[in-house]
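Participant: Residues per chain are reported as follows:
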Amino acid sequence: DTGVSQDPRHKITKRGQNVTFRCDPISEHNRLYWYRQTLGQGPEFLTYFQNEAQLEKSRLLSDRFSAERPKGSFSTLEIQRTEQGDSAMYLCASSGIAGGTGELFFGEGSRLTVL
Amino acid sequence: GENVEQHPSTLSVQEGDSAVIKCTYSDSASNYFPWYKQELGKRPQLIIDIRSNVGEKKDQRIAVTLNKTAKHFSLHITETQPEDSAVYFCAASIYQFYFGTGTSLTVIP
Numbered sequence: 133d134t135g136v137s138q139d140p141r142h143k144i145t146k147r148g149q150n151v152t153f154r155c156d157p158i159s160e161h162n163r164l165y166w167y168r169q170t171l172g173q174g175p176e177f178l179t180y181f182q183n184e185a186q187l188e189k190s191r192l193l194s195d196r197f198s199a200e201r202p203k204g205s206f207s208t209l210e211i212q213r214t215e216q217g218d219s220a221m222y223l224c225a226s227s228g229i230a231g232g233t234g235e236l237f238f239g240e241g242s243r244l245t246v247l
Numbered sequence: 017g018e019n020v021e022q023h024p025s026t027l028s029v030q031e032g033d034s035a036v037i038k039c040t041y042s043d044s045a046s047n048y049f050p051w052y053k054q055e056l057g058k059r060p061q062l063i064i065d066i067r068s069n070v071g072e073k074k075d076q077r078i079a080v081t082l083n084k085t086a087k088h089f090s091l092h093i094t095e096t097q098p099e100d101s102a103v104y105f106c107a108a109s110i111y112q113f114y115f116g117t118g119t120s121l122t123v124i125p
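So the sequences go chain by chain: H and R. Position in the first sequence counted from 1, then plus 132, gives you this note's numbering. Position in the second sequence counted from 1, then plus 16, gives you this note's numbering.
Possibly wrong hints are sitting among the right ones.
One side of the interface only, derived from the structure: several residues of chain H facing chain R at Cβ under 8 angstroms [unchecked claim]:
| # | residue |
| --- | --- |
| 1 | Y165 |
| 2 | Q173 |
| 3 | G174 |
| 4 | A185 |
| 5 | E188 |
| 6 | F197 |
| 7 | E200 |
| 8 | G204 |
| 9 | F206 |
| 10 | F238 |
| 11 | G239 |
| 12 | E240 |
| 13 | L244 |
List of simulated lysine to aspartate or glutamate pairs, EDC-like, C-alpha gap at most 20 angstroms [to be verified]:
| # | chain 1 | residue 1 | chain 2 | residue 2 |
| --- | --- | --- | --- | --- |
| 14 | H | K189 | R | D43 |
| 15 | R | K58 | H | E176 |
| 16 | R | K58 | H | E210 |
| 17 | R | K84 | R | E72 |
| 18 | R | K53 | H | E188 |
| 19 | R | K53 | H | D195 |
| 20 | H | K189 | R | E18 |
| 21 | R | K58 | H | D195 |
| 22 | R | K74 | H | D156 |
| 23 | R | K58 | H | E188 |
| 24 | H | K143 | H | E160 |
Hints in this document: simulated from the structure, not taken from any laboratory. Just so it is clear, CB atoms sit at the ideal spot from N, CA and C, and this is done for glycine as well.
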């Protein structure tokens, strides 16, 4: 399968713990995006990368959130000191058009539940 | 940043009728406007898109129109079928994508 894959699919953690999600984009795609989605809402932009460079981070994103994309391949999203409000689906997407926009391909998402 | 508003939030239609979902955006620099369909528990998937140099695009029963002056775009689904029932999201993009809050469409057989 050459689609976007995310791991883990589900994560339950206690408040205050750190969690890390991994995203493997479609291999030839140079852009990678992270979104957060809560029930009944659209995907909320968190951050995106072009190759290994993080080009933009949402101003709404807490300092507890950090994302990396070493070597421009897979990406990780870490949430430190989780809070109950962090409970959501975290979606990763990739796109292959350099210098412009193209179709976003989404992964299945990583569902986080903070107790 | 970009702000995308989407209406209505819920929509019920009889099978065979048409459905229209409308979105507005705030950043005149946005140049790409995709529509995504998300079925329960599944990932969003692209159903149609339009770029800012085009006013209308059609793909079988689905069409999208764009009014750059007014900064709004719409999704039109004709001859709706029960399998069209899902949540639909519009988005506006320059490089990053900003999504609307979604429309839950129910097609009643």
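Participant: All hints are to be evaluated individually against the structure, with a verdict given for each.
Facilitator: Cross-check of the supplied hints:
Interface restraint check for H:Y165: the shortest CB-CB distance to chain R comes to about 7 angstroms, inside 8 angstroms, so the restraint holds. At about 6 angstroms, the closest approach between the beta carbon of H:Q173 and any beta carbon in chain R falls short of 8 angstroms, and the interface hint on this residue holds. With a least beta-carbon distance of about 4 angstroms to chain R, the hint placing H:G174 at the interface is held under the 8 angstroms criterion. With 8 angstroms as the threshold, the beta carbon of H:A185 stays out of range of chain R, its nearest partner Cβ sitting at about 12 angstroms, so the hint is violated.
With a cut of 8 angstroms, the hint placing H:E188 at the interface with chain R holds, because the nearest CB-to-CB distance is about 6 angstroms. The beta carbon of H:F197 comes no nearer than 16 angstroms to any beta carbon in chain R, farther than 8 angstroms, and the hint placing it at the interface is violated. Interface restraint check for H:E200: the shortest CB-CB distance to chain R comes to about 18 angstroms, outside 8 angstroms, so the restraint is violated. A distance limit of 8 angstroms between C-beta atoms decides the matter here; for H:G204 the minimum to chain R is near 16 angstroms, and the interface restraint is violated.
Taken as an interface hint, H:F206 does not check out: its beta carbon lies about 18 angstroms from the nearest beta carbon of chain R, beyond 8 angstroms. Restraint check, H:F238 versus chain R: the minimum CB separation of about 4 angstroms is within 8 angstroms; hint holds. Interface restraint check: H:G239 against chain R, minimum CB-CB distance 6 angstroms, threshold 8 angstroms, status holds. Checking H:E240 against chain R by beta carbon gives a least distance of about 5 angstroms; that is within 8 angstroms, so the hint holds.
Interface restraint check: H:L244 against chain R, minimum CB-CB distance 16 angstroms, threshold 8 angstroms, status violated. Using a Cα cut-off of 20 angstroms, the hinted pair H:K189 and R:D43 holds, with the two alpha carbons roughly 18 angstroms apart. A threshold of 20 angstroms between alpha carbons decides the hint, and for R:K58 with H:E176 the separation of about 17 angstroms falls inside it, so the pair holds. A threshold of 20 angstroms between alpha carbons decides the hint, and for R:K58 with H:E210 the separation of about 23 angstroms lies outside it, so the pair is violated.
Restraint check: the Cα-Cα separation between R:K84 and R:E72 comes to about 11 angstroms, which is no more than 20 angstroms; the hinted pair holds. For a cut-off of 20 angstroms, the pair hint linking R:K53 to H:E188 is broken: about 26 angstroms separates their Cα positions. A C-alpha spacing of about 32 angstroms is found between R:K53 and H:D195, which places the hinted pair above 20 angstroms, so the restraint is violated. Of the supplied pair hints, the one linking H:K189 and R:E18 holds, its CA atoms being roughly 13 angstroms apart against a limit of 20 angstroms.
For the hint linking R:K58 to H:D195, the alpha-carbon distance of about 29 angstroms lies beyond 20 angstroms, and the restraint is violated. For the hint pairing R:K74 with H:D156, the CA-to-CA distance comes to about 32 angstroms; that exceeds 20 angstroms, so the pair is violated. With a CA separation close to 26 angstroms, the supplied pair R:K58 and H:E188 exceeds the 20 angstroms bound. For the hint linking H:K143 to H:E160, the alpha-carbon distance of about 28 angstroms lies beyond 20 angstroms, and the restraint is violated.
In the structure shown, a violation is registered for the earlier hints numbered 4, 6, 7, 8, 9, 13, 16, 18, 19, 21, 22, 23 and 24, in ascending order.
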